[in-house]
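Please model the complete structure; the sequences and the hints are all you need to start from.
Numbering (numbering that gives the first Met the number 0) for the sequence shown: 0 to 348.
No lab work stands behind these hints: they were computed from the structure. Hints should not be assumed to be uniformly reliable.
Straight line, CA to CA, 30 Å or less: simulated DSBU-like cross-link-like pairs of lysine-lysine [unchecked claim]:
hint : residue 1 : residue 2
1    : LYS155    : LYS100
2    : LYS166    : LYS100
3    : LYS155    : LYS139
4    : LYS155    : LYS166
5    : LYS139    : LYS94
6    : LYS58     : LYS321
Keep in mind the model is a prediction, meaning the values are calculated, not measured.
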Amino acid sequence: MLQVYTDLATLINIRPISKRNTMQNPRRSVPIDEVFVSRAPSNAPASTSEGAIVLSLVKQAAASPRVRMLTLFWLIGVFAMLWAPAPIHVTDEMKQVYEAKVVDAAHIENYQETYAAYVDAEEAVADAQVWFWRFRPEHKAVVDERQAAATHARAKLNHLEDVREAKMREAKAYVGLWSDYGLNEARTRFWAAFESGNRSLSDFESTGMIPSLTHLIPGKVFASRQTFWQMVFSVLQSREENIISLIFHWAFVALINFTFGLIGSLFYFTVSLVSMVFTYNPDPLSAAAFVGLALLGAVAVVASYLVGIYAMAASGVYVVGKLAAQSARIQYDQQRATPAHLRQRPHYE
Numbered sequence: 000m001l002q003v004y005t006d007l008a009t010l011i012n013i014r015p016i017s018k019r020n021t022m023q024n025p026r027r028s029v030p031i032d033e034v035f036v037s038r039a040p041s042n043a044p045a046s047t048s049e050g051a052i053v054l055s056l057v058k059q060a061a062a063s064p065r066v067r068m069l070t071l072f073w074l075i076g077v078f079a080m081l082w083a084p085a086p087i088h089v090t091d092e093m094k095q096v097y098e099a100k101v102v103d104a105a106h107i108e109n110y111q112e113t114y115a116a117y118v119d120a121e122e123a124v125a126d127a128q129v130w131f132w133r134f135r136p137e138h139k140a141v142v143d144e145r146q147a148a149a150t151h152a153r154a155k156l157n158h159l160e161d162v163r164e165a166k167m168r169e170a171k172a173y174v175g176l177w178s179d180y181g182l183n184e185a186r187t188r189f190w191a192a193f194e195s196g197n198r199s200l201s202d203f204e205s206t207g208m209i210p211s212l213t214h215l216i217p218g219k220v221f222a223s224r225q226t227f228w229q230m231v232f233s234v235l236q237s238r239e240e241n242i243i244s245l246i247f248h249w250a251f252v253a254l255i256n257f258t259f260g261l262i263g264s265l266f267y268f269t270v271s272l273v274s275m276v277f278t279y280n281p282d283p284l285s286a287a288a289f290v291g292l293a294l295l296g297a298v299a300v301v302a303s304y305l306v307g308i309y310a311m312a313a314s315g316v317y318v319v320g321k322l323a324a325q326s327a328r329i330q331y332d333q334q335r336a337t338p339a340h341l342r343q344r345p346h347y348e
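Encoded structure:
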């Protein structure tokens, strides 16, 4: 019984003391930012540095056989497209013979007269095509007569162009696809596609190296123009006041345009390369090897350019994110340094 009374007395003494202590030390209301925001001291060492993380990722990638194989192909492609010498050396005598054949192909007898006659015939047809000439028998007869003359002139011109093309094939076959001329022509076609036709490929027609291609090529200039105009329209149409989000939008649009533009230039270069290879009359195995190596070089150069662009964009986003985090931390420190009664006091107009 004595033990029971002692336990009751102990419980009675403890409860009032706890209540009295609670009344003396009331619970303090904690601001919400102190509850949910836990910030490590600024001078505390980081557990894992960013450099160590990047170095670890690089080591893991270098240890992968697939990454090593891709790197090897990339190096081979870049070297082949930019610096590789021609396997077939063209001597001075071969160069003189080749240039003589090219000059002979460029100066076809009666070519200029035939071309001028064809142009005049087409202009005569256009002059005869008056309003509703298809439903006016007298004008339709004139158009049909002139069209027949234009068709005959076109046939004569096509014959001369076939002769010139055959002579050019003979000249190119003389030096070979793997000569300096073949490699330089392939590289010229690639950079023309890559730069999106800063000048037409018809500028090279006088040299006999590249046939006339007058339409533009998708590539870097195309992407730059598309990005510029999309930036202009986004500025005119956007009501966004945050300049950072607008810059991010521009960067994203530029990345998309450059990506699709350069990938499109690869497709165009592929078609142009295949048509060029046939002009040298190579054997099938040599042609397949040349096309494969040229496409590998084109993909390697375009991939290098795109990786560089994406790396620049990622570094820019990283820097902006770091600056935003630092600004938020400084603002948070300033708010904590301000007394609570000043932060929470009501504002009266």
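Cross-check of the supplied hints:
1. LYS155 / LYS100: 22 Å, holds
2. LYS166 / LYS100: Holds, because 7 Å separates the two Cα atoms, which is no more than 30 Å.
3. LYS155 / LYS139: 24 Å, holds
4. LYS155 / LYS166: 17 Å, holds
5. LYS139 / LYS94: 54 Å, violated
6. LYS58 / LYS321: With a Cα-Cα distance of about 25 Å, the restraint between LYS58 and LYS321 holds, given a limit of 30 Å.
Comparing the model with each numbered hint stated earlier shows that hint 5 is the single one that does not hold.
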